[in-house]
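Sequence order for the protein chains is A and B. Positions 55 to 170 (the working numbering) are the ones given, in order, by the first sequence. Positions 19 to 131 (the working numbering) are the ones given, in order, by the second sequence.
Where hints are given, some of them may not hold.
Residues from chain A that face chain B, not an exhaustive set, calculated with beta carbons under 8 Å [said to hold, decoys possible]:
(1) P63
(2) E69
(3) Y86
(4) Y87
(5) P94
(6) R97
(7) L101
(8) E106
(9) K109
(10) A126
(11) R149
(12) S155
(13) L158
(14) F160
(15) G161
Keep in mind that the hints were calculated from the coordinates and are not lab data. The beta-carbon is built from N, C-alpha and C at its ideal position, and this holds for glycine as well.
The lines below spell out each chain.
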Amino acid sequence: AQTVTQSQPEMSVQEAETVTLSCTYDTSESDYYLFWYKQPPSRQMILVIRQEAYKQQNATENRFSVNFQKAAKSFSLKISDSQLGDAAMYFCAYRGYQGGSEKLVFGKGTKLTVNP
Amino acid sequence: NAGVTQTPKFRILKIGQSMTLQCAQDMNHNYMYWYRQDPGMGLKLIYYSVGAGITDKGEVPNGYNVSRSTTEDFPLRLELAAPSQTSVYFCASSYAEQNTEAFFGQGTRLTVV
Numbered sequence: 055a056q057t058v059t060q061s062q063p064e065m066s067v068q069e070a071e072t073v074t075l076s077c078t079y080d081t082s083e084s085d086y087y088l089f090w091y092k093q094p095p096s097r098q099m100i101l102v103i104r105q106e107a108y109k110q111q112n113a114t115e116n117r118f119s120v121n122f123q124k125a126a127k128s129f130s131l132k133i134s135d136s137q138l139g140d141a142a143m144y145f146c147a148y149r150g151y152q153g154g155s156e157k158l159v160f161g162k163g164t165k166l167t168v169n170p
Numbered sequence: 019n020a021g022v023t024q025t026p027k028f029r030i031l032k033i034g035q036s037m038t039l040q041c042a043q044d045m046n047h048n049y050m051y052w053y054r055q056d057p058g059m060g061l062k063l064i065y066y067s068v069g070a071g072i073t074d075k076g077e078v079p080n081g082y083n084v085s086r087s088t089t090e091d092f093p094l095r096l097e098l099a100a101p102s103q104t105s106v107y108f109c110a111s112s113y114a115e116q117n118t119e120a121f122f123g124q125g126t127r128l129t130v131v
């Protein structure tokens, strides 16, 4: 079964600095997709970035980038030039098939605090 | 675009009561999901549906039921509410293609007392 592990319950970063959030996952599939979602205090789930497993190139969206290591089953999120508005819960998610059924599985989340 | 609409936003139930959490999406998504979010536990999948008339259990289905009579609607039913069902519930929807993200509703905070 697919599992997603976020080993850092909480992280903090100074404004304008860089922070990396970790995520590992377990799967027997070769084709799948990975996502990072942001959940601010409003509870709204917002997509930050996505990565296709068949692409070796790491995805980038403005200040957000990932380090995707398929062999190690690792998918970390790097936030550069951190801003106060980046403070939120961040969830790593896996989407793929196994045994004919679609799975969208989330990690437990990392709470990011941005200090001014 | 309304996206994914959940109602109600908040609800307090007494033990043993029943209720239905409503979820509707207007994006013509095939897939719909129900998750519960408990502090420090992330999102756990309760039930999901890949299309009208098709539903399947997720990780934590006990105490819940769903139906999917239309593409747009995916209600979640709690029959005999228990304190363990106190949680924030999220409905989400997506296209079938795996590279598409899920869109979430605003969540329902449910307290069972």
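We went through each hint and held it up to the structure:
no. : hint : verdict
1   : P63  : 7 Å, holds
2   : E69  : 26 Å, violated
3   : Y86  : 7 Å, holds
4   : Y87  : 5 Å, holds
5   : P94  : 12 Å, violated
6   : R97  : 5 Å, holds
7   : L101 : 5 Å, holds
8   : E106 : 6 Å, holds
9   : K109 : 10 Å, violated
10  : A126 : 21 Å, violated
11  : R149 : 5 Å, holds
12  : S155 : 7 Å, holds
13  : L158 : 6 Å, holds
14  : F160 : 4 Å, holds
15  : G161 : 6 Å, holds
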